[in-house]
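Protein chains: 2
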Amino acid sequence: MLRSLNPHQLKGSVNLKAQKLAVDVASGRQKGSLLLKHANLINVFSQEISLNHVLLAGPLIAAVGEDYHAAEAEEVIDLEGQYLAPGLIDGHMHLESSLLSPAAYAAAVVPRGVVAVVCDPHEIGNVAGVAGIKWLLAASEGLALDVWVTVSSCVPATALETSGASLGLSEIDELLGLERVLGVAEIMDFPSVIAGDEETLAKVLLAEHYRKTPEGHAPSLTGKALQSYLAAGIISDHEATTLAEGLEKLRAGVFVMIREGSVTRNLAALMPLICPEYAASIGFVTDDRLPHDLMDEGGVDFLVKTAIQAGIDPALAFRCGSLNLAKHFKLIRRGGIAAGYFADMMVLSDLKNFKVESVFKHGQKVAEAGKLIETSFVKPQPDATVVSRSVKLPALSAQDFRFSASDGDHLIQVIIPVTGQVLTERQEFKVRAQGSEIKANASANLAKLVCVERHGKKGHVAKAFVKGFGLKAGALASSVAHDHHNILAIGMNDDDLLLACQELARLDGGWVVVSEGKVLASLPLPIAGLITDRNIAEVRLDVDRLEAAAQSLGTDIDAPFMTLSFLGLEVIPELRLTDLGLVDVFGNRLVDVLIS
Amino acid sequence: MLRSLNPHQLKGSVNLKAQKLAVDVASGRQKGSLLLKHANLINVFSQEISLNHVLLAGPLIAAVGEDYHAAEAEEVIDLEGQYLAPGLIDGHMHLESSLLSPAAYAAAVVPRGVVAVVCDPHEIGNVAGVAGIKWLLAASEGLALDVWVTVSSCVPATALETSGASLGLSEIDELLGLERVLGVAEIMDFPSVIAGDEETLAKVLLAEHYRKTPEGHAPSLTGKALQSYLAAGIISDHEATTLAEGLEKLRAGVFVMIREGSVTRNLAALMPLICPEYAASIGFVTDDRLPHDLMDEGGVDFLVKTAIQAGIDPALAFRCGSLNLAKHFKLIRRGGIAAGYFADMMVLSDLKNFKVESVFKHGQKVAEAGKLIETSFVKPQPDATVVSRSVKLPALSAQDFRFSASDGDHLIQVIIPVTGQVLTERQEFKVRAQGSEIKANASANLAKLVCVERHGKKGHVAKAFVKGFGLKAGALASSVAHDHHNILAIGMNDDDLLLACQELARLDGGWVVVSEGKVLASLPLPIAGLITDRNIAEVRLDVDRLEAAAQSLGTDIDAPFMTLSFLGLEVIPELRLTDLGLVDVFGNRLVDVLIS
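Protein chains in written order, with the working numbering: chain A, -6 to 589; chain B, -6 to 589.
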């Protein structure tokens, strides 16, 4: 009779053998694999911290209790009062923001106690669609980090761009059927939700059909607009920035994810929500974290640490980074330390300084003293064809970047980057065309921005001007360009713009700084033009070199490549450039650079 | 593109039309169906009670907020500060214990604010198997009460009985695939779990496969035994009777269901668990409630009321009877009052006395002033063939009940019912056989108990003796006989025992009292021999008449039919009678009545 069960033994859950072993070990019929003695156990079910023993059976926790003895396990570790906490779950993040492959990301955060992330593969979805997301699933299969996926819900962002792929209802349906897919990712297009757009609303119902979660993204939505958005059935949000906004959402039934990204940092403002009364409704997320923040601060562990340092009950802080997210996403046997749960745990010698000594994943020690250690968890090597050689440029010459205009004075509209924000502003600016063209002009702090379609489709080239980037010479280019990820290049002359684009084509994507016909620095991002398989320390060094090179060309903007990568995002105000041209975001339409 | 979504529109969730209507109403593009103004809203997300307005759109709540006005709805009810609370969910119960059909049960509890039950159709499963459970699903489809099902996990209870049906892994698999099935019901066979029995363990994995819940039943399990049981992956329990037991289970990650049944009453002992720190881990359940308790006290509403009267924060008490259970069972859009949720709510004029004025189900008023009202919710009329004429007795004569023994003194083992409990005790007792038989004997308070197989299978007849039932004449018989539900009859002479059995066959099951060849009272239970379609008031009157008739025959036991119905339950100590014979529960084997 048991043979009929085989098809039901899931990858995501345990098999009968592991389950039976746990029961046999707990019952004393078999020896456990490991006994962790004298752990100061952080119990996220009852918010208590007290000394206890934890007996493991392979991947599972067999038992927790004071009555288990050394003779009952093959191996014994006496923690001598060190803390034992559940491994952390990052409830919403974009792997691509780290510029790292799943394996490289795992190496960066697992030693910090992060055992799982729920990622929205939004960027790779825009470049490579369903195949790209399936590559990401394959590339993260069997890591020491559980990589769960929510299906990106807004690919492409609008019709005013050429993306590499689109995810319609049937693609979302296909992906929702996969075991490691937990829901529909942040439904960012809140205007369409509130407007009652049927295709957008249907994404919520699709998630419900699979008993999975429809995730939200409701920046600054309050009052009636928030109610309209929630009326669709969306159940979470990670965009609250003030306590009042967080509390309003919580009262409205929303699972409030508190975000501490690289740019958007909301933990301090929302900290008072982390109290016993609201405890079950709060989760921690990072959304977007850049390599240097991952290295200097950490991933979702940074939120737990910061909350503890601010005086939050440590067990409650851990709960927001573990159990609550597991429950929200309906994850089985995850998020706490209890019999039957996966043995995903971390040992800390110091809570206040969040000093992680070692990390266990599915019962195996996978990290110690800040480093991954050799385990049976191996770096997956999926076929990367679908995400390789993704930078397919049209044949280009410097002539393609020439901005023609009749000689004389003109009024143009230019993009103003806002320092430290994703927003841009629109400004009208007087220029003079000479030789039938308008050129970049260092003395006016005016750079040329070009967007080149790179998915091998129409080969569009669009041009505009940016004021305030600070460049005096050369060019920067990026194949990371939210959300369509065409090539964005900013520069002071067409030859360097061309070289920058060509160099990116040669590297299969990445970031590059060129000047006077020479490549000054580069970071290859050959996977979909978005990420690299190299480790975080190498990537960070490259980023540092790139930023230094960009500064040497005169720019004084913080994180110039991040700023550049957002100049094409046509869903955030106010003026953007896609491969189809200049976009007036408020008007949701293409506009001319030349006003007169 | 939307056409491809149709197959995904679930019965259990909303369709696109209802969803869009809610968004349109919240956004002001359409009028709502109803505005409930000045509600003292019981917010189970934030545990707050404050004045607010709630705008409905058909079955859904479109919006909650102070800014909605009468002009925005077709109908307006000013609640003038009356309380508005989420409708209640009973997290674990057996419909059959009420002796009522789903429709009759709904009529009894919906006016009290109960909008959903999670039932374990254990009894009908034993009688009619998968077909019986499917009948129950059909018979509860579309009621004003949501009837969710967990698949009974221990049918039959043991091999020492003849049940009408069995539910193996493939039957459980089949039922788990159904939309209204939420999990595997209380895994009562904890010895098999702890022993690592693979077939029992596999039931947990099957539930996980469907992303549904494996429910527990761990009476008095603590320490290592509890850890062994939980190591299997079981996530809930409703058997804790002391605060220490409840707290130990909660700390072990268990969702602790507090039960207040007709016989087993644990709320008072577990009340201290209902505090903000543990709030998310507690749910309310009734398990088994008899008609008179349902009428006098209520269903799961009785727990909320009792908790409030004991001084528990009312919002927290409501949360244990609504949101927490919805989350535990992964129910979508249920358990609270918020935009996007189903409009399942109750209006109360008085919290302390729990005075329910009206109840809304999916936006419709379904009850008012304690009575169901006419709605579009209609009593379902499924084909009842599979649960009809279920009492199939062998050809019987009084001779079949004769207990033969050689003339002279004998030592027999007899069953002792324990007043007010499900337990029985075993006692050895001296008797004298005359005319080659041992008879019931009123002066020794010794009655004869017979069990007749009634599923039309082997036609077994087994006989034993019960001491202390108090009968002086006549006989009682019941087709409700846990868990196999064969006929159990207890009486003082074989002719009355025969008549009682024959009358049950004529009624298609039920309860009956006979004496001196006459039927004194009866309650027909023609659906599977377990329940009736009649209303609760009629059933209660019949039960009162039956108990009076039983008392007239000399018995002084409380609830004699309930006591009788448990005399055949061979999984609870100590001595029982099934159709296969006398069962020594501790020995898990058949034994002889005659010791010498």
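Worth double-checking, as some hints may not be accurate.
Below, simulated DSS-like cross-link-like pairs (lysine-lysine); rule was C-alpha separation at most 25 angstroms, straight line [to be verified]:
1. Lys217/B / Lys30/A
2. Lys24/B / Lys217/A
3. Lys511/B / Lys465/B
4. Lys320/A / Lys323/B
5. Lys217/A / Lys217/B
6. Lys323/A / Lys320/B
7. Lys24/A / Lys217/B
8. Lys465/B / Lys450/B
9. Lys217/B / Lys10/A
10. Lys345/B / Lys320/A
11. Lys323/A / Lys511/B
12. Lys385/A / Lys30/A
13. Lys30/B / Lys217/A
14. Lys385/A / Lys323/A
15. Lys358/B / Lys345/B
By construction, these hints were calculated from the structure, which means they are not laboratory data.
Quick rundown of the hints versus the structure:
no. : hint                : result
1   : Lys217/B / Lys30/A  : holds (16 angstroms)
2   : Lys24/B / Lys217/A  : holds (14 angstroms)
3   : Lys511/B / Lys465/B : holds (15 angstroms)
4   : Lys320/A / Lys323/B : holds (9 angstroms)
5   : Lys217/A / Lys217/B : violated (53 angstroms)
6   : Lys323/A / Lys320/B : holds (9 angstroms)
7   : Lys24/A / Lys217/B  : holds (14 angstroms)
8   : Lys465/B / Lys450/B : violated (33 angstroms)
9   : Lys217/B / Lys10/A  : holds (21 angstroms)
10  : Lys345/B / Lys320/A : violated (32 angstroms)
11  : Lys323/A / Lys511/B : violated (59 angstroms)
12  : Lys385/A / Lys30/A  : violated (57 angstroms)
13  : Lys30/B / Lys217/A  : holds (16 angstroms)
14  : Lys385/A / Lys323/A : violated (40 angstroms)
15  : Lys358/B / Lys345/B : holds (23 angstroms)
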